[in-house]
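So the sequence lines, in the order shown, correspond to chains A and B.
Using UniProt numbering, read the first sequence as starting at 1 and increasing by one per residue.
Using UniProt numbering, read the second sequence as starting at 1 and increasing by one per residue.
Honestly, I wouldn't trust all of these hints.
Below, in silico cross-link-like pairs of lysine-lysine (BS3-like), each with a Cα-Cα straight-line distance of 27 Å or less [as the list claims (entries may be wrong)]: (1) A:Lys148 to B:Lys248; (2) B:Lys252 to A:Lys224; (3) A:Lys187 to A:Lys54; (4) B:Lys252 to B:Lys95; (5) B:Lys23 to A:Lys46; (6) B:Lys25 to A:Lys87; (7) A:Lys224 to A:Lys213; (8) A:Lys87 to A:Lys51; (9) B:Lys9 to B:Lys23; (10) A:Lys51 to B:Lys95; (11) A:Lys51 to A:Lys224; (12) B:Lys252 to A:Lys148; (13) B:Lys95 to A:Lys224; (14) A:Lys80 to B:Lys23; (15) B:Lys11 to B:Lys23; (16) A:Lys213 to A:Lys187; (17) B:Lys25 to A:Lys80; (18) B:Lys95 to A:Lys46; (19) A:Lys224 to B:Lys25; (20) B:Lys252 to A:Lys87; (21) B:Lys248 to A:Lys54; (22) A:Lys87 to B:Lys23; (23) B:Lys95 to A:Lys80; (24) A:Lys87 to B:Lys95; (25) B:Lys248 to A:Lys31; (26) B:Lys11 to A:Lys26; (27) A:Lys31 to B:Lys23.
It is worth saying that the hints were derived from the structure and are not from the lab.
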Amino acid sequence: MVEVIVEVDHVSMQFNLYKERVDSIKEYMIKMFKKQMVVEPFVALKDVSFKVEKGDSLALLGMNGSGKSTLLKLIAGVLKPTTGSIKTVGAIAPMIELGAGFDVDLTARENIFLNGAVLGYSRADMESHFDSIIDFSELHDFVDVPIKNFSSGMLARLGFSIATVTQPDILIIDEILSVGDYKFQEKCEIRIHEMMQAGTTVLFVSHSIEQIKEICNKAVYIEKGRMLGYGDVHEICDRYMV
Amino acid sequence: MDQFKLVLKYKFLLNELVMRDIKIKYRRSVLGLLWTLLNPLLMMIVLTLVFSNIFRFSIDNFPVYLLCGQLIFNFFSEASNMALPSILSNGSLIKKVYVPKYLFPLSKVFSSLVNLLASFVALLLVMIFTQSQITWTILFVPLPLLYIFLFTLGVSLLLSALSVFFRDIMHLYGVLLTAWMYFTPVFYPLDILPAGIRNIVEFNPLTSFINLFREVVMYNQVPTLSLNLVCLAYSLVMLAVGAYVFYKNQDKFILHI
């Protein structure tokens, strides 16, 4: 019996796009009174269901705006689905954007502890991993520099190093491997492969088909919020590329 | 049980958020953290000098009377004012990682609590310096601090949730706070007020918290049970309202930030 790590069950996500955003009480009252509140429902995902088993790595394929990121956010628990349910097992390391939760006024050292805490790790945990984070990100000379002085590549390195320092059960990667120089990208891919071998389930979004074929074994194809296919990565990629 | 584990898991984050607030506030200043104590102390010295010479209501030991009121009111206004935009300003984080959202207003109230404790030490120094009487009743001081903490947390949760949907609250609240201050007996005694206004001021929850605080710190009284119950009721009701509104709306925050 294989263990199901992520179960997405008939999930739909609907956003209400107000034609004009109403942010003030006065506007709200006036609009309500005049019955001008135009609500336009926008269906980002419609009735999506699939299961991911332990050790699988799943690619999400689809054009821009097809709902890939929404789906990842739902799995990460950032959004709640309008209908349907999502079950996940174990710790999730979300890399929807690297360094979410960095404070630019703090130094790299302080941000490691802050960001670690955002991901749910204690100070002691982070202290024991501190050296390996710095080693992996190769930022030895900048440990006590406020990160507002960092380049975007340096920030991405730091973010990736923190997010992957422990062994999560689920790793969510949303188009973040395009940052950093090629050497660091290679390093990241090696780290991801290591984690997969150790049993981490990976959910992966990328526009590079080679990267997807190299990392993933399963794929989901989404278009305009509807799931058009689920299965072996090569088969789905071929359908997608047509 | 799961909820409880979640709280433990994020205790570190709460800790880091509070540390961040305090660190950033005094970053690059020479005296650094010492300012948390020095700031209220200097402020209190100024106030003491001004008010012991210029304004004098018929109150014994007016400087301490004033500082007690200020301490409580400043905590409330600072914490709620910082908590108000806390959900909005952490929007980028909330959009990308799952974290319990109540942590943001809660961390602001905690960092104000750190300032409050520093101010309390400063107040004790002033009291020693002005040779005010300090007795064992001061051991009751955790009670008013607990009540005002819970009350402030309730207001902070409410405001931070509402401000996501109506940004106007941010601007309105500054005005409201000023009005609230004048309806709180921070620098005047209750009995100079005409009856009508006095009723409003007595109904103000902050009045009760400040009274309780003054009872134990300044007047060396064992606080009465009834005053304690009034304070407790105010704080629990406010906390319940704030937590309810926050809880009901927290899943919608992300669509509005």
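Verification of the hints:
1. A:Lys148 to B:Lys248: 36 Å, violated
2. B:Lys252 to A:Lys224: Holds, because 23 Å separates the two Cα atoms, which is no more than 27 Å.
3. A:Lys187 to A:Lys54: Roughly 24 Å between the alpha carbons, so the hint for Lys187 (chain A) and Lys54 (chain A) holds.
4. B:Lys252 to B:Lys95: 11 Å, holds
5. B:Lys23 to A:Lys46: Distance of about 46 Å is beyond 27 Å: violated.
6. B:Lys25 to A:Lys87: 41 Å, violated
7. A:Lys224 to A:Lys213: Status holds; Cα separation ~23 Å.
8. A:Lys87 to A:Lys51: 10 Å, holds
9. B:Lys9 to B:Lys23: Since the Cα atoms of Lys9 (chain B) and Lys23 (chain B) sit roughly 23 Å apart, the hinted pair holds (cutoff 27 Å).
10. A:Lys51 to B:Lys95: 24 Å, holds
11. A:Lys51 to A:Lys224: The hint holds at about 20 Å.
12. B:Lys252 to A:Lys148: 31 Å, violated
13. B:Lys95 to A:Lys224: 21 Å, holds
14. A:Lys80 to B:Lys23: The hint is violated at about 34 Å.
15. B:Lys11 to B:Lys23: 18 Å, holds
16. A:Lys213 to A:Lys187: Distance of about 18 Å is within 27 Å: holds.
17. B:Lys25 to A:Lys80: 35 Å, violated
18. B:Lys95 to A:Lys46: 21 Å, holds
19. A:Lys224 to B:Lys25: Status violated; Cα separation ~46 Å.
20. B:Lys252 to A:Lys87: At roughly 20 Å apart (the allowed maximum being 27 Å), Lys87 (chain A) and Lys252 (chain B) satisfy the hint.
21. B:Lys248 to A:Lys54: The hint is violated at about 34 Å.
22. A:Lys87 to B:Lys23: 39 Å, violated
23. B:Lys95 to A:Lys80: Answer holds: Lys95 (chain B) to Lys80 (chain A) is near 12 Å, not above 27 Å.
24. A:Lys87 to B:Lys95: 20 Å, holds
25. B:Lys248 to A:Lys31: 24 Å, holds
26. B:Lys11 to A:Lys26: Violated, at about 39 Å.
27. A:Lys31 to B:Lys23: 44 Å, violated
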